[in-house]
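Using the sequences plus the hints, can you model the full thing?
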Amino acid sequence: MWVYILVGVLALIAGVVLGFFIARKYMMDYLKKNPPINEQMLKMMMMQMGMKPSQKKINQMMSAMNKQQTK
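First residue of the sequence shown? That's 73 in this note's numbering, and the numbers climb one at a time after it.
Since the hints were derived computationally from the structure, they do not count as laboratory data. Hints are supplied without guarantee of correctness; some may be wrong.
Claimed, not checked - Below 27 Å or equal to it, Euclidean Cα-Cα: the simulated DSS-like pairs (lysine-lysine) are:
hint, residue 1, residue 2
1, Lys128, Lys139
2, Lys104, Lys129
3, Lys129, Lys115
To be verified - Simulated DEER-style distance windows between Cβ atoms:
hint, residue 1, residue 2, range
4, Met113, Thr142, 16 to 22 Å
5, Val81, Met134, 28 to 34 Å
6, Ser135, Tyr98, 43 to 49 Å
7, Met118, Gln141, 16 to 22 Å
C-beta: ideal position from N, C-alpha, C; glycine also.
Printed below as a string of structure tokens:
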């Protein structure tokens, strides 16, 4: 009787671990294909806020976002 319970618990743990790694891989691939924001989006957002975006400012903001993302 206890063997069935042990097998059920092990199967549940294996399913959770496997599901976690599959979901993690899927999200990493999705974010590579569809980055959250790029230079063009940043430029459009700055223009909508009434700023005149220079390439230097865009590069600074992108590097700051990339540093934040890697932490």
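> Any of the earlier hints contradicted here, and which numbers?
Replying inline: 5 and 6
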